[in-house]
Amino acid sequence: MSASTPTRGTAPVGLSKGEARTYASYARPAWQRWLLTRETAVILLLVVVFTWATSSVPNFDGPLTLYYLFLDLMPILLIALPMTLVIITGEIDLSVASTVVLTSAVTGLLTIDAGWGFGQAALVAVAVGALCGLFNGFLVGYVGLPSLAVTIGTLALYRGIAVGLLGTEAKTGFPEAWTDRVKERIGETSYPQVLVVFGVLAVVFVLLLHFSGFGRGVYEIGLNDEAARFSGVDVARTKLLLFVLAGAVSGLAGVYYTLRYDLARGDAANGLELQVIAAVLLGGVSIFGGRGALHGVVAGVLLIGVISSAMRLQGETENVTTIVIGLLLIASVVAPSFLSWVSGRLPAGVKGALSRRPRRT
Amino acid sequence: MTPSPTTAPANPGGDARPVLEMADVRKSFGPVAALRSGTLTVRPGSIHALVGENGAGKSTLVKIVAGVHRRDGGTLRFEGDDVDFASTADSKAAGIAVIYQEPTLFPDLSVTENIFMGRQPLGRGRRIDRAAMLAETRAIFARLGVDIDPRRPALGLSIADQQIIEIAKAISLDARLLIMDEPTAALSGVEVERLFAVARSLRDEGRGLVFISHRFEEVFALCDEVTVMRDGEYVATTAIASTTPDAIVEMMVGREVGELFPKQPATIGEVVLKVEGLSSAGTFRGIDLEVRAGEIVGLAGLVGAGRSEIARAVFGVDRYDAGRVTMHGKPVPARRPRAAIAAGMAFVPEDRRKQGLVVDNSVAHNVAAVIRTRLDRLGFLTNRAENRASAPWAGRLEVKTNALDMPATTMSGGNQQKVVIAKWLATEPTLLIIDEPTRGIDVGTKSEVHRLLSDLAGQGLAILMISSELPEVLGMADRVLVVREGEITAELSRSEATPEAVMKAATAGHESTGELAPVLPDALMKEVSA
Numbered sequence: 001m002s003a004s005t006p007t008r009g010t011a012p013v014g015l016s017k018g019e020a021r022t023y024a025s026y027a028r029p030a031w032q033r034w035l036l037t038r039e040t041a042v043i044l045l046l047v048v049v050f051t052w053a054t055s056s057v058p059n060f061d062g063p064l065t066l067y068y069l070f071l072d073l074m075p076i077l078l079i080a081l082p083m084t085l086v087i088i089t090g091e092i093d094l095s096v097a098s099t100v101v102l103t104s105a106v107t108g109l110l111t112i113d114a115g116w117g118f119g120q121a122a123l124v125a126v127a128v129g130a131l132c133g134l135f136n137g138f139l140v141g142y143v144g145l146p147s148l149a150v151t152i153g154t155l156a157l158y159r160g161i162a163v164g165l166l167g168t169e170a171k172t173g174f175p176e177a178w179t180d181r182v183k184e185r186i187g188e189t190s191y192p193q194v195l196v197v198f199g200v201l202a203v204v205f206v207l208l209l210h211f212s213g214f215g216r217g218v219y220e221i222g223l224n225d226e227a228a229r230f231s232g233v234d235v236a237r238t239k240l241l242l243f244v245l246a247g248a249v250s251g252l253a254g255v256y257y258t259l260r261y262d263l264a265r266g267d268a269a270n271g272l273e274l275q276v277i278a279a280v281l282l283g284g285v286s287i288f289g290g291r292g293a294l295h296g297v298v299a300g301v302l303l304i305g306v307i308s309s310a311m312r313l314q315g316e317t318e319n320v321t322t323i324v325i326g327l328l329l330i331a332s333v334v335a336p337s338f339l340s341w342v343s344g345r346l347p348a349g350v351k352g353a354l355s356r357r358p359r360r361t
Numbered sequence: 001m002t003p004s005p006t007t008a009p010a011n012p013g014g015d016a017r018p019v020l021e022m023a024d025v026r027k028s029f030g031p032v033a034a035l036r037s038g039t040l041t042v043r044p045g046s047i048h049a050l051v052g053e054n055g056a057g058k059s060t061l062v063k064i065v066a067g068v069h070r071r072d073g074g075t076l077r078f079e080g081d082d083v084d085f086a087s088t089a090d091s092k093a094a095g096i097a098v099i100y101q102e103p104t105l106f107p108d109l110s111v112t113e114n115i116f117m118g119r120q121p122l123g124r125g126r127r128i129d130r131a132a133m134l135a136e137t138r139a140i141f142a143r144l145g146v147d148i149d150p151r152r153p154a155l156g157l158s159i160a161d162q163q164i165i166e167i168a169k170a171i172s173l174d175a176r177l178l179i180m181d182e183p184t185a186a187l188s189g190v191e192v193e194r195l196f197a198v199a200r201s202l203r204d205e206g207r208g209l210v211f212i213s214h215r216f217e218e219v220f221a222l223c224d225e226v227t228v229m230r231d232g233e234y235v236a237t238t239a240i241a242s243t244t245p246d247a248i249v250e251m252m253v254g255r256e257v258g259e260l261f262p263k264q265p266a267t268i269g270e271v272v273l274k275v276e277g278l279s280s281a282g283t284f285r286g287i288d289l290e291v292r293a294g295e296i297v298g299l300a301g302l303v304g305a306g307r308s309e310i311a312r313a314v315f316g317v318d319r320y321d322a323g324r325v326t327m328h329g330k331p332v333p334a335r336r337p338r339a340a341i342a343a344g345m346a347f348v349p350e351d352r353r354k355q356g357l358v359v360d361n362s363v364a365h366n367v368a369a370v371i372r373t374r375l376d377r378l379g380f381l382t383n384r385a386e387n388r389a390s391a392p393w394a395g396r397l398e399v400k401t402n403a404l405d406m407p408a409t410t411m412s413g414g415n416q417q418k419v420v421i422a423k424w425l426a427t428e429p430t431l432l433i434i435d436e437p438t439r440g441i442d443v444g445t446k447s448e449v450h451r452l453l454s455d456l457a458g459q460g461l462a463i464l465m466i467s468s469e470l471p472e473v474l475g476m477a478d479r480v481l482v483v484r485e486g487e488i489t490a491e492l493s494r495s496e497a498t499p500e501a502v503m504k505a506a507t508a509g510h511e512s513t514g515e516l517a518p519v520l521p522d523a524l525m526k527e528v529s530a
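Line order of the protein sequences matches chains P and V. full-length UniProt numbering puts the first sequence at residues 1 to 361. full-length UniProt numbering puts the second sequence at residues 1 to 530.
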């Protein structure tokens, strides 16, 4: 409290005169709280699919599979982190792929045409990404426009600027020291070194979302932004910051993209935003906001990666893979609603087993 | 609000077959038994009150009749036939209508279109027969004796008018049973009178009505019989003529309730909150007020007079155009709730489900919502820290819950209000702004909240209390400020504050018309269109 606060009585304030009530921290035992969640379901599915692929898909257990799997998934893994937070507040960012392309173009122009060092160019690219996010976040948070509309607009805008900067030209010939670095492995393993970058970012985002007051505010905004405002959460500033994070991480993904393919061109990363959103939703985040966790999202991204990789090795075409992932996504969205519908229609006994939470009396 | 006593029929319903018979109806949600023995018999041509504390199972019982929930056991008969409604459509088709506290109309459609939504009469060429719709709407309104233009859009109608639309819809569907779930909670005195007149005319047509309310004067003015529920169980049914409010309260709480408004005298200290010339275009103007340590200042007035808007501006959730807010002599910046909290303000808002709580969040997260910024260790905030910090506050307020991770949605209104209060007391404020402290909560919790406010004031907390319940204002406040149309029209000390004085200041200038309705415009319109 502020220094001007007058001294107050030290007697406990409240209704209970004698012994105050005590409470259990949790209504259910720990194993139930941990196991009966959407996140655990996704992780289990990932383990099952991975085990199946390792044992029965030819070459899946080869040394290159996981290596390329991670290299290919890296942009989705990276952007899924801030996207999770954005979607938990009930907003969405469709402009991330365009931000990837724009920052890739900036990197290309600065390095190839202007002759900058790649390191500086990369920093500028991340800053440009943050700026893209700042624009989105200002329109959503402070002007109060719906993020769906705003980011559909900036999806076109940012890609348009990228194409305008590059024309039909593609920039290539980035410094080999850098392009080789993103492909290096950790020691003798099949894991690329860029996973370390992802790991560090993932820890930062987990702390931010799950172990900070800011993160609690993110969930509150998604569940009830008015109540959040009445509790002193700065809703506009929180949203602004999340869009800036989404932009900056997209900028980082743009830099990675440029190095991974040694290429900067206007038509890259098409549809990446939908892959990211699909993975986030598959990972158990509610599109309506307020629910979800990062471990589920990471499992969701990996699940999509493992399925595509395994099906490719099986000789299935890209289309079949897309159909399977689409169906899986629909199933994951429908499953909880279906379960609660079933539990609402059943008499008490059966229902207790199904419903995760008792409903309002 | 003192509705005139009704002239109840000598023998309500007579020996006629009951419209609704429920016996021993049970319903559980997971491990929680919401209804253990729901018993209710409603006769045609009578108005039946259903009373009980929050969490007594009234809503669950109504939802079973309405087809929202399916019962786990017990009998349910409608007009003598055993029924089992699988959906709200089934229940409607059978002839049951439920009027909720806040009806949900389609704001952009006309009153008539709302009444006939989904079952518009068709004329030649399968086109909607607008003339027939309009004629029937007019006929129903004439029968009910209400004056609403059937062609106007629903947008901007007062809540009272919206309820009338719902009732008109029920009549056009020929509902023989109408259930009104706390219909008067948001109505002014005149509107309540009109609703009662409509309810009586429906009774005289031989329909059965169920009326749920926390206000006994209304129950006694309107109803013929009363059924009391407690903890999900049926307690008793008696004729209104042969009982008293005290007897009903005793049945509801299962014990005798002490004095309702026990504000104790407290030492009044220095000025804590000072508001000077606060104005917001179209909402309130030139508000000056002071709240001192140990003092409860009541803001009285009609619904829509601008009281809540003033509180929201002071706390910084809404903007204001001019004026100054100071706490302990230091200016509080506008539009920044966080700064207001840091200056020692706490704000329990009017609508606890929308503003006071994140109802889907756990008790612990809700109680720790404001203080969590001080709970982190080395930058880490954990559930464990939140549980540890929130448990004592939940305990002091005697919040009833199994565990701290239960979502607030599972709790009754009174318990939810305790969670909101716990959340703000945890910040150890020097000023508590509390808007409608006991709206929609049961009698037992109500007196607990009053005792708590009195204790807090006794310990030096400054309290600004907004209330639409006159007895609450008069019983609790050391000083009463009356707000009318966005201006403070009277400041009354405890001894000057009589019901007549407060009502006069709240309504002055409209006495000539004899109608309170014109006082309600802007704020209500805003609420409806929002």
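Simulated from the structure, these hints should not be mistaken for lab results. Where hints are given, some of them may not hold.
Footprint (simulated), chain P over chain V, 3 or more residues, beta carbon under 8 Å [unchecked claim]:
| # | segment |
| --- | --- |
| 1 | 198 to 205 |
| 2 | 341 to 349 |
| 3 | 371 to 379 |
Predicted model only: the values in this text are computed from it and were never measured. The beta carbon of each residue, even a glycine, is placed where N, CA and C say it ideally should be.
Legend entry - Coverage of the segment 198 to 205 of chain V by chain P, judged on three or more residues with CB within 8 Å: violated (count 0)
Legend entry - Cβ contact check, 8 Å cutoff: the segment 371 to 379 of chain V against chain P, three residues minimum: Check passed, 5 qualifying residues.
Legend entry - Per-stretch coverage check for the segment 341 to 349 of chain V, three Cβ contacts closer than 8 Å to chain P: Since 6 is at least three, the answer is holds.
Checked against the numbered hints given earlier, this structure breaks only hint 1.
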